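Take the sequences, apply the hints, and build the full model.
Under the numbering used here, residues -4 to 589 are what the sequence shown spells out, in order.
It should be emphasised that the hints constitute simulated quantities derived from the structure, not laboratory data. Just so we're clear, the structure is a prediction, and the values are computed from it rather than from any experiment. Ideal placement from N, C-alpha and C gives every residue a C-beta, glycine not left out. Each hint should be verified, as a subset may be incorrect.
[Claimed, not checked] DEER-style ranges, computed between Cβ atoms:
| id | residue 1 | residue 2 | range |
| --- | --- | --- | --- |
| 1 | Lys474 | Arg548 | 25 to 35 Å |
| 2 | Gly124 | Leu168 | 51 to 61 Å |
| 3 | Ser216 | Thr181 | 23 to 33 Å |
| 4 | Asn479 | Gln218 | 32 to 42 Å |
| 5 | His489 | Asn144 | 25 to 35 Å |
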Amino acid sequence: MSVDKYSPQGFALKIFQDRYAIHAKETFEQACERVSRTIADAEMGTKRDEYFTRFLDVLQTNRFSPGGRIWRGAGRPRGQLLNCFCIPAEDSREGWGDVLRNVTIISGTGGGVGINFSKIRPRGTKIRGTGGEATGSVSLMRAVNAVCNELREGGGRRSALLYCLDWRHPDLLEFLEAKLDKKELTNANISVLVDDEFFKLLDNKGDIVFKWQGEERGKISSQELWDKIIQNAWNGGDPGLLNIGLMSEQNTISYVNGGEISSPNPCAEATLEEYGCCCLGAINLHTHIVDGKMDWDLLEETVAIGVRFLDDVLEQNNYPLPIIQQTSQRHRRIGLGIMGLHDMLIELNLKYSTQIARDTVDKIMNFIKKQAYHASITLAIEKGPFQAFDASKHTRTGFAKKHLTRRHHRLIKEYGIRNCALLAAAPTGTISLVAGCSSGIEPLFQAVYKRHFNKHKDTHNDKKKNGAMEIIIHPLLAKFLKANRSTKCFQNAHDISPEEHLAMQVVCQNHIDNAISKTINVPTDFAVEQLSRAVRKYIDRLKGVTIYRDGSRSKSPLIPIPTSEAKQYLDKMKEEAAIDDCPSGKCNIPKGGK
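In C-alpha cells form, the structure reads like this:
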C-alpha cells in the first residue's frame, strides 16, 4: 500500500537539523537519500539500486529509522555508524592501558562504551613482584572518567559509558558508594551484574561472602545488599540491575569461543561479547496502523527491509578498532527495535497499563520476532550465515530453544542464519523526536506540559533571555483534540504503576534476543519497600532494570498539564514528540546518539 512521505516540522525539524543534517541546507528528504545510498552501496549489482529505492521508501514514509549514528555518519568520510561497543578490562598494566586507549578512540568516533570491571583485582590485593597493593576496580573507573572529562574539555562529545561489576566482587560496596557522590563517575551509568545464585541467596536470606581467588574478603547479608542497591537507585537512579544470568542463558552464541556475554552497551539494550558492537534501528509501530488496525503485510515488509538495512550497515561502517570489525564480521549482531509503541496503543484505543494492551504488544512482538528471523535466514541463503555459525549447536542455545518455532529450527539447521542476534529495544530518544512518536517501548513521559526557561543574560536564545514559558503537546494528542476524539487512552508515565511498567517490559523481552532499554518511572512519594517488591517480582524475567524516581536527580523545569485540560491551550501549544532524549535524566546518550 502507499504511505505518505513524512516531513518533520517544528521541533522535530530543529532536532534533525541540529543532530543529523550534514550541512545547514540539507533537507530531511536529502538525508534519507544520502543514508539510503550509502547503505545500499553494500549490495551487489542490480540489487544496489533496488535496495536504495526500498530503503529510501521506509525512511521517507517514517516506517523505519536507523540509529542516530547512521543518520549522522552515513556518507561522511570515515563515517562511524554504530552507537555503542563493549570492551574488556583486563587485570594487568597493559589491560588498564588498553581500556584507556580504547575508550579514547571509540569516544572520538561518537561511540558509547560498556565495560565489565569484574576481572580487575580488588582494592588491597597484594601485587607480586612490587610489594604494593592494588587500587582496585573503582580506581580504573575513575581513570576512565577522567580521560572522558579531558576529551570533553578538548571539544569532544560527551562520552556515554556503562560500568558493570559482578555482585560477588569485593569492590562492590565501594562501587555502590562511588556514584552517591554526584561529582564521581559523572560520565557513566553503573549497574550490578546479578544472576540466579544471587536471587536464591536473597530469597533464602543468605549471606554473600566476597571472595577473590578463594580468599574471603568480606561478608554482607544478601538482603542488606539488595536494600542498598534499591535504596541507591531510589535516591538517584543508580545502580541499575543487569541479569547476567538470563543474558548468558539466552546467549545465541554461547557455543562460540569468545562469544560469552561481557557487558551491555550504555543503555543496556544490546547484550555484547567483548569487542562487540550494536547496530541499531527502529520500526515506527504507529505508522503501521491503518484504518484503526495493524497492517500486518506492511509490518512484515518493514521488518525484512530493516533487517537487511542493518546487516548492510555492518559492511559500510568504518570501525574504530580492527578487533571490533573482526568481531562484527564474525557474529554480525544487529539490533532491530521499535518506537511509537504507546502511540500505536492509543490509536488502537488501548491504555498502556492494561492487560489487553500487553496481550496486543505480545502478539505484535511475536510477529516481529518471527519475521526478523525469517528475514535473516533468507539473507543467509543469499549471502551466507555469520562466520561463527554452527548448524549443530545454534538451535540448542537458550533463546532459540525457548522462543523460536520448530520451523525456524528446521530452516536454521538447513540454511543457517545471517545474524547471531537480531532484536534490541533501544531508547530511540532522538530519532523518535525526529519521527514525531513515542520513544522505544516507553509510555509518553508527559503528553502536555508547560516548560519554563530560566533567565540568562548571556545568551542569544530570546526564550532563555526573557525567562519565557511554552506549552508543549505531543503531536498525537493534538491530533485527537483537533478531531474531538476521546483522549481517555492517553496515560503519562507516572499514571502507570512500576509493576505495570515492568510487566510490559517482560512481554517485550520474551521476543527479543538482545535486551531492552527502559526506565521504570517512579513517583516522588513511592515507597522504597514497594519498589523493592516490584523489582524482585520481575527481575528474574528481565535482562535489565533501570529505575528513575521523579525529582531524584534534578528539579524539572516542566510543569505537567492534565490531559483533560489540554484543549483550552490548543491554540497556544507547540507540538513536540517528547520532552527530551531521556526525560528521566538517566540515560547518558550524547548528541548525535540514538
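Against the structure, the hints:
1. Lys474 to Arg548: 25 to 35 Å: holds, 32 Å
2. Gly124 to Leu168: 51 to 61 Å: Cβ of Gly124 to Cβ of Leu168: about 28 Å, so the range 51 to 61 Å is violated.
3. Ser216 to Thr181: 23 to 33 Å: holds, 31 Å
4. Asn479 to Gln218: 32 to 42 Å: Violated: the Cβ-Cβ distance is about 54 Å, outside 32 to 42 Å.
5. His489 to Asn144: 25 to 35 Å: holds, 34 Å
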